Amino acid sequence: MSEPKKVIIVPCSGIGKSFGTVSRMVAYQVTEDDRPDSTQLIPLSLLVLGDEEALAALADNPAITIDGCQLACATKMVRESGGEVAQELAVLECFRRHRDLKPQGIGELNEGGQKLAAVLAEEVDATVDALNQEGAKNA
Amino acid sequence: MTDYLETQVDKFTFKVPTDRQYNSLGVWALAVGKHIRIGLSDFLQQSSGDIAFADVDPIGTILAVGDSACEIETIKVDISIPSPLAGKIVRVNPLMETAPETINQAPYDEGWLCEIEPLDWESDVNNLMDPDAYFIHMKQQAEEEVNKNE
Numbered sequence: 016m017s018e019p020k021k022v023i024i025v026p027c028s029g030i031g032k033s034f035g036t037v038s039r040m041v042a043y044q045v046t047e048d049d050r051p052d053s054t055q056l057i058p059l060s061l062l063v064l065g066d067e068e069a070l071a072a073l074a075d076n077p078a079i080t081i082d083g084c085q086l087a088c089a090t091k092m093v094r095e096s097g098g099e100v101a102q103e104l105a106v107l108e109c110f111r112r113h114r115d116l117k118p119q120g121i122g123e124l125n126e127g128g129q130k131l132a133a134v135l136a137e138e139v140d141a142t143v144d145a146l147n148q149e150g151a152k153n154a
Numbered sequence: 067m068t069d070y071l072e073t074q075v076d077k078f079t080f081k082v083p084t085d086r087q088y089n090s091l092g093v094w095a096l097a098v099g100k101h102i103r104i105g106l107s108d109f110l111q112q113s114s115g116d117i118a119f120a121d122v123d124p125i126g127t128i129l130a131v132g133d134s135a136c137e138i139e140t141i142k143v144d145i146s147i148p149s150p151l152a153g154k155i156v157r158v159n160p161l162m163e164t165a166p167e168t169i170n171q172a173p174y175d176e177g178w179l180c181e182i183e184p185l186d187w188e189s190d191v192n193n194l195m196d197p198d199a200y201f202i203h204m205k206q207q208a209e210e211e212v213n214k215n216e
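First to last, the protein sequences are chains A and B.
For the first sequence, my numbering gives the first residue as 16, with consecutive numbering after it.
For the second sequence, my numbering gives the first residue as 67, with consecutive numbering after it.
You may find that some hints are simply not true.
Unchecked claim - Calculated Cβ distances over 12 Å to all of chain B for the following chain A residues:
no.: 1; residue: Ser33
no.: 2; residue: Phe34
no.: 3; residue: Val63
no.: 4; residue: Gln85
no.: 5; residue: Met92
no.: 6; residue: Arg94
no.: 7; residue: Glu99
no.: 8; residue: Val106
no.: 9; residue: Glu108
no.: 10; residue: Arg114
no.: 11; residue: Pro118
no.: 12; residue: Thr142
What the hints assert, rightly or not - Below are the DSS-like pairs computed for lysine-lysine, each with C-alpha atoms no more than 30 Å apart in a straight line:
no.: 13; chain 1: A; residue 1: Lys117; chain 2: A; residue 2: Lys20
no.: 14; chain 1: A; residue 1: Lys32; chain 2: B; residue 2: Lys81
no.: 15; chain 1: B; residue 1: Lys100; chain 2: A; residue 2: Lys91
no.: 16; chain 1: B; residue 1: Lys214; chain 2: A; residue 2: Lys117
Claimed, not checked - Below, a sample of chain A positions facing chain B; criterion: calculated Cβ distance under 8 Å:
no.: 17; residue: Cys84
no.: 18; residue: Cys88
no.: 19; residue: Leu107
no.: 20; residue: Arg111
Derived from the structure by calculation, the hints contain no laboratory data.
Computed from a predicted structure; not experimentally measured.
Every residue gets a Cβ at the ideal spot worked out from N, C-alpha and C, and that includes glycine.
Assemble the whole structure, with the sequences as input and the hints as a guide.
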């Protein structure tokens, strides 16, 4: 019996940047608290290194990318690794929709950043649920 | 076709078109018909980071040299963009409201901020830098930034 599909979550790896920190907070929130059974976190660094397990997971499952900035490294790297990006999300775009939630801080985000992460995590949760429903229909 | 001066500092490449003037912060001014179009230099947009919001002052706003013509909020900083000339704002780039990231993508073209009807352009332009002078100034700024981060 094959393993049930999981949605792969790939966040930005920008170190020292508030928007990168938000993207990683979102990824932890979704994969550890909100949807631990139906998602799997893959760090960008494993894709850059060509880690076989990470690439295999990406080959078999849809991915949601969470980019911090317009460089969109997570989305580009998933595509370059042969993965299917089911949805690409960007912290910057989310901030544009919620201007009052400006993220500041790096190791520890301010209240705005934490709230922005919570809002974006809800968007990712909804996408994960939609992908799972679609997968169940097609199974 | 516009010619550019170009330099590489560390891993960053910066361009300076030779058809306009600049203030020391890196705000450019270009005559377009009777009006002066203003925008951010490549160096200024790159050093400021991805732009989330660009609030340009509305049409009809009267500006003195140095008055803020626009407030920009990026993922790194909030900055006021000082007008390089005195005059009245007569046109605002509509993309600033719908797609401010255009500043990052095309700072010298589609990413312009607004057009100003000049009060005394012939006088104001004398206080701005020509492309060669700004290129040297910008290169020093860029090198200082890199050295600061090393």
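Hints, verified against the model:
no. : hint                 : verdict
1   : Ser33                : violated, 7 Å
2   : Phe34                : violated, 5 Å
3   : Val63                : holds, 17 Å
4   : Gln85                : violated, 5 Å
5   : Met92                : holds, 18 Å
6   : Arg94                : holds, 20 Å
7   : Glu99                : holds, 26 Å
8   : Val106               : violated, 8 Å
9   : Glu108               : violated, 9 Å
10  : Arg114               : violated, 7 Å
11  : Pro118               : violated, 8 Å
12  : Thr142               : holds, 22 Å
13  : A/Lys117 to A/Lys20  : violated, 35 Å
14  : A/Lys32 to B/Lys81   : holds, 25 Å
15  : B/Lys100 to A/Lys91  : violated, 44 Å
16  : B/Lys214 to A/Lys117 : holds, 26 Å
17  : Cys84                : holds, 5 Å
18  : Cys88                : violated, 13 Å
19  : Leu107               : holds, 6 Å
20  : Arg111               : holds, 6 Å
Of the numbered hints given earlier, the model fails hints 1, 2, 4, 8, 9, 10, 11, 13, 15 and 18; all others are met.
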